[in-house]
Amino acid sequence: MSVLVLCDHDRGTLAEASLEALTFGRQLASDLGVVCHSVLIGQGADNASETLPTYGAETIHLVEHESLSDYGPAAWGESLNQLVNATNPAAVLASGTDRGNEVLAHLAATLDLPFVANCVTTNTNNSSSWIMTRVQWGGSLLEDSELNTDKVKLFTVAHHGIEAEESSSPASGQKEIFTPELEESITHTMVADRVVLTQGITLSTSPVVVGGGRGVGSAEAFAPLEELAAELNGVVGCSRAVTNNGWRPHSDQVGQTGTRIAPQIYIANGISGAIQHWVGAMAAKNILAINTDPEANMVAKAGYAVIGDLHQVIPAVLEEVRRRKS
Amino acid sequence: MRLLVCVKRVPAPGARINITDDEQDVDAAHLGFTTSPHEECALEEAVQIVEEHGGEVTVLTLGPAEAEEQLRYAASVGAHHFVLLPVTEVDWDPQRTANALVKAIENLEENAEPFDLVLFGNESADSGGFQVGVRVAHALDRPMVNGIKGIEIAENKVTARREIDGGFEVYAIPTPAVLGVKEGINLPRYPTMKGRLASKKAEIEINEPTAEEGGQTRIRLHRPEEKVSETVILGNGPEAAPAVVDLLQELGVL
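Taken in sequence, the protein lines are chains A and B.
For what it's worth, my numbering labels the leading residue of the first sequence as 12, then goes sequentially.
For what it's worth, my numbering labels the leading residue of the second sequence as 26, then goes sequentially.
What the hints contain is simulated information worked out from the structure, not anything from laboratory work.
The beta-carbon is built from N, C-alpha and C at its ideal position, and this holds for glycine as well.
Please note that a few of the clues may not be correct.
Said to hold, decoys possible - Facing chain A, according to a computed beta carbon distance under 7 Å, are these residues of chain B, among others: (1) P199; (2) T242; (3) P249.
Said to hold, decoys possible - Reference listing, derived: stretches of chain B covered by chain A, where coverage requires no fewer than 3 residues with Cβ under 8 Å from a Cβ of chain A: (4) 41-54; (5) 107-120; (6) 148-156; (7) 170-184; (8) 204-218; (9) 254-262.
As the list claims (entries may be wrong) - The calculated lysine-lysine pairs, modelled on DSS-like cross-linking and capped at a C-alpha distance of 30 Å, are: (10) K252(B) / K296(A); (11) K186(A) / K162(A); (12) K174(B) / K128(B); (13) K225(B) / K128(B); (14) K162(A) / K128(B); (15) K252(B) / K312(A); (16) K128(B) / K182(B); (17) K312(A) / K296(A); (18) K128(B) / K226(B).
Build out the structure end to end from the sequences listed, making use of the hints.
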């Protein structure tokens, strides 16, 4: 028996979130007294496999097929389905990213089995019914739910819900090639093309995010935030109120229905801190709230705060940054 | 074109969410309700598509009887047909929901062409199961991609864009197809006064759903432990700038 962890990669570059899932899978396998396997699908899989033994993958299944030229939810789900049939794992898990949740949903639909998304803990209970604690409302509520099946358990691990940790003793990471049988029609949902808009750091990977909320007041008033972000090699983010007003594109939105960020510091300007914004920002290592309202939610939750008008504070900070740089 | 949008009634985002005493549901006593944000955008997208290409939009929801409100809202912004699958229990599990929706869709497609597109939201704002749309697509044997932030219609296919870090993936999908839409694909319109008035007369088809329970059962809802952090106040107003920059240097970002 095994626990099988789907590791995501983009054309050979491992998605960091996969290491969280692998850490979770390794611990689960140990609880169950079984081995931890990982699987990488499609072109570039081998290039992404290097660190997996360090995180506990005893076996690394490399799924190869000429149709698997890029990501495709149905093709990845079906490949996983055939690997599950061949290896009969006790559980299959992935990170609760867009792709992880999507591929597991396809697998669950094919197998007609339950699938529990975005778990933070699991209690295997020594029975066929596992108790899963999962996040709801993007992380502002938790739900304990029973995962009831005597067949393979399918779930994802909430991204940023646990920390990736190397195994105390590295696993062997034996590579095994698996070749599924795929019908041509499955390629209908493969990535056909890509459009690159920005290269380098993005909202989800940036070490510094300068965020603005309703308090910024207008699209134009984001200029000093842009300048500060540029000085700190960071990017600008915003709240839902801002995108709803059309001041910034939705791709800048931090929150439950936008991007989850995890920077070294999040500077939240004029953001009240509604729960749906907070869940997108809570993985930040440090938060500095700048707000006129000392009672604002964001101020209460932040590690650091400046009480004042961002329109005065940010220019002063910019000036000080430039003075120290020169 | 024939489009179907599946929506869910959820408490309005932004509010603090409390839990009922029996820990089975969100306490709705002081909450407003709305269409789950991704689905509101799916609805807007569908209305825009038929405005440009002609056709009709049907909106389907499974939820409490009050979800009629969300269907009337859909009518007020331009949708044409409405089906409510009323349930009395708290939140059906994802498998059960998907099975009920599949039956309803098969009914709607009986003696008619299949819907060119069935749109879902990427995930519901409340329970966030990330799977109902995918399960429905599998049952209907149609291609499905989630996370869509751009749709272009061509003959017998759609080109769909999905946001990834720093850009987009592009999918070329033959229709009939199922897509999961994400907020940001558009800015949903507000209903006009005329739309609001017309929506009061919209005919809503009500069909009691039947579907067996799936393998995921809610035990309870609870609140995560809130990290109690003492907020360090660096200062007031622009005079705080040196302390802010000290912090940035300390964290190594300057």
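Violated constraints from the hint list, given by number and in increasing order: No numbers; nothing is violated.
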